[in-house]
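K.L.:
This is what each chain is made of:
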Amino acid sequence: MTKYSILIIIFNLLFGLTGYELIQKMETRLKPIDSKTDFTMTLTNKKGKTRSCTLRSISKNDGARQIIWFLSPADDKGVALLKIEHKNKLDEMHIWLPAFKRVRRIAPSKRSNSFMGSDLSYEDLSSRKIDEFNYTIIDEFKNDNPTYLLEIIPKKHLETEYSRHLTWIDSTLLIPIKEKSFDKENKLLKEKYFTYSLISDYQILKEVRVKNIQTNHSTSLVFSNIILNNDIKNNFFNEKNLKYIPN
Amino acid sequence: MINKFVKFAQHHALKNSKKIILLAISITIFIGSGIRFILLDDNVMNMLPANIESKRVWEDIVQEFKYSDFLFVVFGTKGQNVLTKEKLAIAWDLTKSFGLINQVEEVISISTINRIDSDDGFLEVNKVMPSKYLNSLEIQSLKDYLNSNSNLSSQIISKNKDYISIIIRPKNEQEFSNLVASVKEATKPYENLYEFHYGGQPYIAGTVPQLIQTETRKLMLLGLFIMSIILLINLRNFSAVCMILLLITMSLVSMLGFLGWAFYFTDSKYFFFSFINSSMPIVLLTIANSDGVHMLSRFFREIRNKQNKTIAIKKTMHKLLLPIFLTSLTTSAAFLTMLTSPIPTMSGYGISIGFGILWAWILSSVFLPALINLKTWDFSSKAFLKPSILEKLVNSISNIILQYPKRVLSFGIIILFVSSFGIPKINVEVNLINLFKPGNIIRESTMFLDHELAGSMNLLIKVEGDIKDPKLLNQMIIIQDYLETIPSVNTTVSIANVVKEMHKTIMFGEPRYDNIPNNKDKINNLFTMYSPTGDPEDFGSLVNYEYNTGIITAMMHTISTREIIHLNDQINNFLISKTPNVNIEISGLMMFLKDFVNLVVQSSITSIITSIIVILCIIWIFFRQFKFGFLSIIPLISAVLLNFGLMGWFKIDLTHFTALLTAIIIGVGVDFSIHYISAYINHIKKNTSKNNITEKVINDVGYPILLDVFSNMAFSALIFSTLIPLVDMGGLMIFAMLSTSFGTLTILASIMEINKNKLYKINQK
Chain A
281 MTKYSILIII FNLLFGLTGY ELIQKMETRL KPIDSKTDFT MTLTNKKGKT RSCTLRSISK
341 NDGARQIIWF LSPADDKGVA LLKIEHKNKL DEMHIWLPAF KRVRRIAPSK RSNSFMGSDL
401 SYEDLSSRKI DEFNYTIIDE FKNDNPTYLL EIIPKKHLET EYSRHLTWID STLLIPIKEK
461 SFDKENKLLK EKYFTYSLIS DYQILKEVRV KNIQTNHSTS LVFSNIILNN DIKNNFFNEK
521 NLKYIPN
Chain B
10 MINKFVKFAQ HHALKNSKKI ILLAISITIF IGSGIRFILL DDNVMNMLPA NIESKRVWED
70 IVQEFKYSDF LFVVFGTKGQ NVLTKEKLAI AWDLTKSFGL INQVEEVISI STINRIDSDD
130 GFLEVNKVMP SKYLNSLEIQ SLKDYLNSNS NLSSQIISKN KDYISIIIRP KNEQEFSNLV
190 ASVKEATKPY ENLYEFHYGG QPYIAGTVPQ LIQTETRKLM LLGLFIMSII LLINLRNFSA
250 VCMILLLITM SLVSMLGFLG WAFYFTDSKY FFFSFINSSM PIVLLTIANS DGVHMLSRFF
310 REIRNKQNKT IAIKKTMHKL LLPIFLTSLT TSAAFLTMLT SPIPTMSGYG ISIGFGILWA
370 WILSSVFLPA LINLKTWDFS SKAFLKPSIL EKLVNSISNI ILQYPKRVLS FGIIILFVSS
430 FGIPKINVEV NLINLFKPGN IIRESTMFLD HELAGSMNLL IKVEGDIKDP KLLNQMIIIQ
490 DYLETIPSVN TTVSIANVVK EMHKTIMFGE PRYDNIPNNK DKINNLFTMY SPTGDPEDFG
550 SLVNYEYNTG IITAMMHTIS TREIIHLNDQ INNFLISKTP NVNIEISGLM MFLKDFVNLV
610 VQSSITSIIT SIIVILCIIW IFFRQFKFGF LSIIPLISAV LLNFGLMGWF KIDLTHFTAL
670 LTAIIIGVGV DFSIHYISAY INHIKKNTSK NNITEKVIND VGYPILLDVF SNMAFSALIF
730 STLIPLVDMG GLMIFAMLST SFGTLTILAS IMEINKNKLY KINQK
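So the protein lines, in turn, are chains A and B.
As numbered in the working numbering, residues 281 to 527 make up the first sequence, in order.
As numbered in the working numbering, residues 10 to 774 make up the second sequence, in order.
Next comes chain A alone, as it looks inside the complex:
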């Protein structure tokens, strides 16, 4: 297997696509400018107990600007979270607490912190900057669903909870369909599965399932009511809009 992998890597280096080229191709894939979607997040702990909430999200620029409103459970309805990513300074986060009638700024989270108690970290949710990783295609499957197996290793300077990722990429659609992420001790930490649907020529995430192998906790996100390219302006992402859930 090792010899075989080495041969593929050498072959790819000489004649085929490199990991970096594959990622570049993926980056050029058509993406919507903004999106509005509802999603149900279901958390399942190691004892099989589940907790669900429904949220509405409006985001722009691949999630660089985003507002999330809690729709259910009734206890949480109205709580809203605004996130604005900045290139050269710390991200901004604000939370609207309707019972206190106050907006509070939240300190920018560590990338490895869990997003709302789920198995997705803020690092998982943010898009990877292409030059911060090294990429190697370590296998290629040419069956009914042709895929590349890409190894992604963060560069040393990058603050991350992972040592590497193994990502299965649909070689036709150039979208990730499965990923295994390993912790700093190179032990398997998470398994992620992605399902897409085609909406207005875009491959849009329909479902994400994540399992933390080490804690045996899992999360599923199911997206619905997806509206794309609704011409959301940048100034929509402000504190005032946290207080009202858009229809």
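There's no promise every hint is true.
[What the hints assert, rightly or not] Straight-line C-alpha distance at most 20 Å; calculated PhoX-like pairs for lysine-lysine:
(1) B:477 / A:329
(2) B:180 / A:327
(3) B:513 / A:381
(4) B:141 / A:436
(5) B:141 / A:464
(6) B:75 / A:329
(7) B:477 / A:381
(8) B:531 / A:357
(9) B:529 / A:357
(10) A:467 / B:105
(11) B:105 / A:464
(12) A:381 / B:509
(13) A:326 / B:75
(14) A:327 / B:75
(15) A:520 / A:340
(16) B:136 / A:464
(17) B:531 / A:523
(18) B:324 / A:381
(19) B:477 / A:357
(20) A:329 / B:180
[Stated by the list, open to error] Computed from the model, here is a short list of chain B residues facing chain A with C-beta under 8 Å:
(21) 467
(22) 477
(23) 534
Rather than coming from a laboratory, the hints here were simulated on the basis of the structure.
Quick caveat, the model's predicted, so the values are computed rather than measured.
Note that CB positions come from ideal geometry on N, CA and C, so glycine has one too.
Position chain B relative to chain A; hints supplied.
P.N.:
Below, chain B without anything else, positioned relative to chain A:
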């Protein structure tokens, strides 16, 4: 039936001596091979039956939350600041190493806990210690945070800030001894640099069983040595002593092997070898010793009369096989009454000892006579020609009883009467830490944790209801405030504390908001607010997934069982009067100990009463007269009263160990009374004169009884132990032997002497 067995035994012991010996050794080896299946169990919880209230609540808590008994590792140097770069880095490394141990669920330390800050309007949930090496600013910030959060600080830093505590939460109650070994392996590289203290129930449970087994083994060997010397002085024959020791050893091996096989076939926790089982060898040893001593001393006596080995063996077997059978049967039955014990381990204990006693009976009845038969004895030696010191003492005792039976009886009754006033003074103590003498490293470490940190004993209060309801959260605060007024409680923690802290934080740290918000929506908002930066799983040990059950954990000093019972009543009264509408259940180590006390007392009383009734019935059936049954239990009852009375007067605690002494008292006591009654009946049958029947009986059985008593007293060597229960057992062994022989040779003997006319009539009928 018995006569047939006696003839069968006589025939084979004398005609097929070598085969009998070979067969007995082979069977012993086979049964003994089960020792390899013995499962050492260090879990105190297994001693509690499943239906006990505190255990049921505990299991619910473990199921719903996490395992809630902690192992504490504390390090530092007295008087030196522990919040330094180097020591914090060591805490970081140790936390990481402990986290890698298989049995560890979670490590709570300065490097893993979170802080919630409200800084310049920001709400921030972050690690108290963000990295391994902190700079001086970060250390100062950490100090400031700990100073302003005394509740948190008391759990992880000592009062004088000179020790760091690392709290280890085990996954479950399995393999505490392996956990302790792994923890100590991790701390080993630093032990030369700093003082280390360990504590908590998992630590004690993981250390004590091994300690008790090692001490018991060591002191038992010493006891055996002293026993051999006492036997040698009195029997004055090396081979005879070796035969008794061989009989004892074979019985022990078979008993332990049986326990192993029983576990192998049943896989039942009844047959775990817990630290209580460490006393099994001593119990069986005293009983097996009795059989051997009676056989050999009678053989020596018969030789002195007959000068013929075969006749002497036959006579010995004829006279002793029935009483030895009866003593074995009654003692086994007495131990089998442990099946009624509410403590599961005690059932396996009783069954295994019962088996050991029956095997000791077979060995004494067939194997020992065969050995005696094979040995060439020197009949001209002093051992056969002259009476020993104890035999001379027996003669004096018989003379006194014969001359002053009523005075002896009155004297005995007065002693019993005075002694029984000590019974209400008995203190029941089951707290493991009180197993150790002051100065013992485990005791001192626990005391250190109690004085310098939050303590090592916990009390868990499970509160059911809507945990986001401000009314319920305020009730939790009321309970916590009350608990913190109790001197032995150092600190309490619950989800209500977290809600208060978040409330204050969201309101810019204003102290007036250090309370529970007044409506549920606000509480909901606080939990939701925590989730974007912190992990809601952080609350996993405080509230369940559905937020309908919360836990209040109170960390306490180690207190005595008596204080526990008092405290339990106090807390229950408070909960009933102040929080009548809240669904509350209490568990935790404190409650187990309280329930365990009741079990120990209940178990002891049930065992004593049932044993006495069973023994009465067996003797009644075998001697076909109720009076003999009744007489047989008189020494038992007097020995039990005397022993417990002396425990009260001498302030010896009733523990799960010392309670087992009852078993020895009954086991040995019944042997003595049966031997006495059996010899008495034999003499009536032989038409021995009424006037000197007591003298004859005491001459027959008094010597082996005293030899048994004095040789068993060798186990008073246990008083040299560093473990208090073993010391108590050593002391009580003297009481037990004195009280059982006193019961038979004074009270029973004088009653029978006074009533000899009636007893003769009964037999003639």
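K.L.:
If a hint holds in the structure, say so; if it does not, say that too.
P.N.:
Each hint tested on the structure:
With a C-alpha separation of about 19 Å, the suggested pairing of residue 477 of chain B with residue 329 of chain A holds against the 20 Å cut-off. Under the criterion of a C-alpha separation no larger than 20 Å, the hint pairing residue 180 of chain B with residue 327 of chain A is consistent with the structure, at around 14 Å. For the hint linking residue 513 of chain B to residue 381 of chain A, the alpha-carbon distance of about 16 Å falls within 20 Å, and the restraint holds. With a C-alpha separation of about 19 Å, the suggested pairing of residue 141 of chain B with residue 436 of chain A holds against the 20 Å cut-off.
Annotation: proposed proximity of residue 141 of chain B to residue 464 of chain A holds, straight-line Cα distance about 16 Å (limit 20 Å). Note on residue 75 of chain B and residue 329 of chain A: the hinted pairing holds, with a Cα-Cα distance of about 14 Å set against a maximum of 20 Å. The hinted pair formed by residue 477 of chain B and residue 381 of chain A meets the criterion: a straight-line CA distance of about 19 Å does not exceed 20 Å. At roughly 12 Å between alpha-carbon atoms, residue 531 of chain B and residue 357 of chain A fall within 20 Å of each other, so this suggested pair holds.
Proximity of residue 529 of chain B to residue 357 of chain A is assessed by CA-CA distance (about 13 Å); at most 20 Å being required, the pair is judged to hold. A hinted pair counts as satisfied when its Cα atoms are at most 20 Å apart, and residue 467 of chain A with residue 105 of chain B qualifies at roughly 15 Å. A hinted pair counts as satisfied when its Cα atoms are at most 20 Å apart, and residue 105 of chain B with residue 464 of chain A qualifies at roughly 13 Å. Simply put, residue 381 of chain A and residue 509 of chain B have alpha-carbon atoms about 18 Å apart, close enough for the 20 Å limit, and the pair holds.
A distance of roughly 12 Å separates the Cα atoms of residue 326 of chain A and residue 75 of chain B; the hinted pair therefore holds under the 20 Å criterion. Restraint check for residue 327 of chain A and residue 75 of chain B: satisfied, since their Cα atoms lie roughly 11 Å apart, inside the 20 Å limit. As the CA atoms of residue 520 of chain A and residue 340 of chain A are separated by approximately 17 Å, the hinted pair is consistent with the 20 Å bound. In summary, the hint linking residue 136 of chain B to residue 464 of chain A is supported, as the alpha carbons are separated by about 19 Å, within the 20 Å threshold.
Between residue 531 of chain B and residue 523 of chain A the CA atoms are separated by roughly 15 Å; this keeps the pair inside 20 Å, and the hint holds. Under the criterion of a C-alpha separation no larger than 20 Å, the hint pairing residue 324 of chain B with residue 381 of chain A is inconsistent with the structure, at around 101 Å. The hinted pair formed by residue 477 of chain B and residue 357 of chain A meets the criterion: a straight-line CA distance of about 15 Å does not exceed 20 Å. Of the pairs offered as hints, the one joining residue 329 of chain A and residue 180 of chain B holds, with about 19 Å between alpha carbons and a cut-off of 20 Å not exceeded.
Below 8 Å, beta-carbon pairs count as interface contacts, and residue 467 of chain B has none with chain A, the closest being about 23 Å; its hint is therefore violated. Annotation: residue 477 of chain B was flagged as interfacial toward chain A, and the flag holds, the nearest CB pair being 7 Å apart, inside 8 Å. A least Cβ separation of about 4 Å between residue 534 of chain B and chain A falls short of the 8 Å threshold, and the interface hint therefore holds.
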